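Asks: In case you want the letters, here they are:
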Amino acid sequence: ELKVEQNPLFLSMQEGKNYTIYCNYSTTSDRLYWYRQDPGKSLESLFVLLSNGAVKQEGRLMASLDTKARLSTLHITAAVHDLSATYFCAVGDNAGNNRKLIWGLGTSLAVNP
Amino acid sequence: DTGVSQNPRHKITKRGQNVTFRCDPISEHNRLYWYRQTLGQGPEFLTYFQNEAQLEKSRLLSDRFSAERPKGSFSTLEIQRTEQGDSAMYLCASSSTSGVGEQFFGPGTRLTVL
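Line by line, the protein sequences are chains Z and D. Okay, so the first sequence: first residue is 6 according to the working numbering, each after it adds one. Okay, so the second sequence: first residue is 24 according to the working numbering, each after it adds one.
No lab work stands behind these hints: they were computed from the structure. The model shown is predicted, which means the values in this text are computed figures rather than measured ones. The C-beta atom is built at its ideal place from N, Cα and C for all residues, glycine as well. It is possible that some hints are incorrect.
Derived list of chain Z stretches under chain D, where covered just means 3 residues or more per stretch with a C-beta under 8 Å from a C-beta of chain D [stated by the list, open to error]: (1) 43-54; (2) 78-88.
List of simulated lysine-lysine pairs, DSS-like, C-alpha gap at most 30 Å [unchecked claim]: (3) Z:61 <-> Z:22; (4) D:94 <-> D:34; (5) Z:8 <-> Z:73; (6) Z:46 <-> D:37; (7) Z:8 <-> D:37; (8) D:37 <-> D:80; (9) Z:46 <-> Z:8; (10) D:37 <-> Z:73; (11) Z:22 <-> Z:46; (12) Z:61 <-> Z:8; (13) D:34 <-> D:80; (14) Z:46 <-> D:34; (15) Z:73 <-> Z:61; (16) D:80 <-> D:94; (17) Z:46 <-> D:80.
Looking at chain D on its own, in the form it has when it is part of the complex (with noise of 0.2 Å):
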């Protein structure tokens, strides 16, 4: 397994674009989690998902921001027109139901909002 990973790495888009990020976690696990991290502060939790069900969005979450689990497997965080202060690097974890809940991060997706 090589663990959870994110496509695309970096991605650069205009004011008022849509943009979809998609993660694949580590394949025993069935839960999924996205994060936004801004330079200098720590990961933001924006939503959870146990197997394909969404559990929880973050308030902080905008209508803008939607995000998909269609089988329980990988999952989708698409924004839509976007704006400058989306700009971030959006991270993917994933864990399992059986351990410590740990969460194993994937490599993120750097978004740049012109």
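Looking at chain Z on its own, in the form it has when it is part of the complex (with noise of 0.2 Å):
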């Protein structure tokens, strides 16, 4: 059974600050999804990950993804405010012929001035 880890689950940090997002899958997957959250709002697409080696980029976020690993990272450069939110990483299941996504905690990100 697909089981996918997020850490840390909250993250506090300051403007102008560094920080990497862990997500950890048990099994293979060939799909991998980051997903932005506000409170009370539904989910935003954020970076599609689909080999090993993939790098994505938008703005001051950096996805990666090793599938050999299992492990994908979210690296967050020089944080501002706007990026306070819940990211999500969705893992695709490959049981059966379905596209399942299966969903970590996520992680609560606050960037204080």
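The two chains are supplied separately, each in an independent frame; assemble them into the complex guided by the hints.
Replies: See below:
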């Protein structure tokens, strides 16, 4: 059974600092996604990672995937307050013939001035 | 296209009542998913449609839950005899078979069972 773990679950950081969120998963998968969720809002897709060594960047966020280690990272560079949100990784479940996603618990990020 | 829409956005009901939620996916998407999310948790998969066929239903979903997608367009999720433990945000997402499996989410329906 596919399990997805994120850490840390809570992160408080100062503006201008860098940090990395980690996403580990337990069984082989060919798809990994990062989403952002603001309080009381729905989920916004950030990145889609489909192959080993994939790296995607958008603004101050960069995501990477190591399928051999079953690990993805979301790196935050020079954080700003607008990045405060909860970040989820979701991994495609290859069991069966469906496209179900298994989600981590999320990392609640607070960027302080 | 305005994205995935869900109605109602909020629903307050008394324990034991039935509720029904609607999801309208992005028009060209033939895959539709229902998830449930409680505070501090990630979304939890409930069920999945490809066109009108329901291809998987979570083991966590009791017989009180049923979902339909009659013409392969909009979908409904019904909860019968609601319980307080059903209180959650119910999220709908859609995706295209030709894409990379990226799921686009609606705003959700927040259910409160009193």
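Asks: For each hint given before, does the structure comply? Return the numbers of the non-compliant ones in rising order.
Replies: 2, 7, 10
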